[in-house]
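Chain order of the listed sequences is A and B. In case it helps, this note's numbering puts the first sequence at residues 1 to 113. In case it helps, this note's numbering puts the second sequence at residues 1001 to 1112.
Simulated from the structure, these hints should not be mistaken for lab results. There's no promise every hint is true.
What the hints assert, rightly or not - Covered by chain A, per the in silico footprint, the following chain B stretches (three or more residues, Cβ under 8 Å): (1) 1018 to 1026; (2) 1038 to 1050.
Stated by the list, open to error - In silico lysine-lysine, BS3-like type, Cα no more than 27 Å apart, as pairs: (3) B/Lys1013 / A/Lys68; (4) A/Lys56 / A/Lys68; (5) B/Lys1100 / A/Lys71; (6) B/Lys1013 / B/Lys1057; (7) B/Lys1057 / A/Lys71; (8) B/Lys1057 / B/Lys1100.
Every residue, glycine too, gets a C-beta built ideally from N, C-alpha and C.
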Amino acid sequence: GESVGLHLPTLSVQEGDNSIINCAYSNSASDYFIWYKQESGKGPQFIIDIRSNMDKRQGQRVTVLLNKTVKHLSLQIAATQPGDSAVYFCAAWENNAGNMLTFGGGTRLMVKP
Amino acid sequence: KAGVTQTPRYLIKTRGQQVTLSCSPISGHRSVSWYQQTPGQGLQFLFEYFSETQRNKGNFPGRFSGRQFSNSRSEMNVSTLELGDSALYLCASAQGSLEKLFFGSGTQLSVL
């Protein structure tokens, strides 16, 4: 089965710096990956996704990098702001597995003013 | 358009009781999935319904069940509650497969 892990449970960055959150996955059949942000008292909120036929995708201030060779993906947040403080999850699923996602354990991002 | 709505927001039950949680998906979304979130285990998939049929099921005991109605609204039921069932139960909806999921704010269940 799939297992998804994150390298660090907590990441503390200075406001204005760039943040990098890492994630490893185990199932090479995983072909779709999503990053979610969860603020206190709320459900996870979609940030950005990437399919396995890509190795990089950019959004507004966020970039996801996918390295299928080592089964690793990362989320980069540029110019981190206090509003970025939250728990970030990566999730992966396999083709034809319906909407069953396997989530990583989460990284808490703390932004210092 | 309204987001995913889960009710109730908070729930306190005692061991041995049963509980029903409700989820209203985003209008037009036919897929509803449920996740359990705990500090120790993180987010774990419970099951997914699409057009009133269970399409996928996670690795949870039979005490956890669900259903979906013709209007796509979904309920999940947990019978014979245990202390370990205390968690945030999240519902997510999607239009179909391989679409990004939209999550509700969850139901926080505490079992005493």
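Here is how each hint holds up against the structure:
Counting residues of the region 1018 to 1026 of chain B whose CB falls under 8 Å from any CB of chain A gives 0; the rule of at least 3 is not met. Given a C-beta distance limit of less than 8 Å, the hint that chain A covers the region 1038 to 1050 of chain B holds, as 6 residues qualify and 3 suffice. For the suggested pair B/Lys1013 and A/Lys68, the alpha carbons sit about 45 Å apart, so the restraint of at most 27 Å is broken. For a cut-off of 27 Å, the pair hint linking A/Lys56 to A/Lys68 stands: about 11 Å separates their Cα positions.
Restraint check for B/Lys1100 and A/Lys71: the C-alpha separation of about 21 Å stays at or below 27 Å, so the hint holds. The suggested pairing of B/Lys1013 with B/Lys1057 holds, with an alpha-carbon distance near 25 Å, which does not exceed 27 Å. A C-alpha spacing of about 25 Å is found between B/Lys1057 and A/Lys71, which places the hinted pair at or below 27 Å, so the restraint holds. Proposed proximity of B/Lys1057 and B/Lys1100 is supported: the alpha carbons are some 18 Å apart, at most 27 Å.
Violated hints, listed in ascending order, are 1, 3; each of the other numbered hints is respected by the structure.
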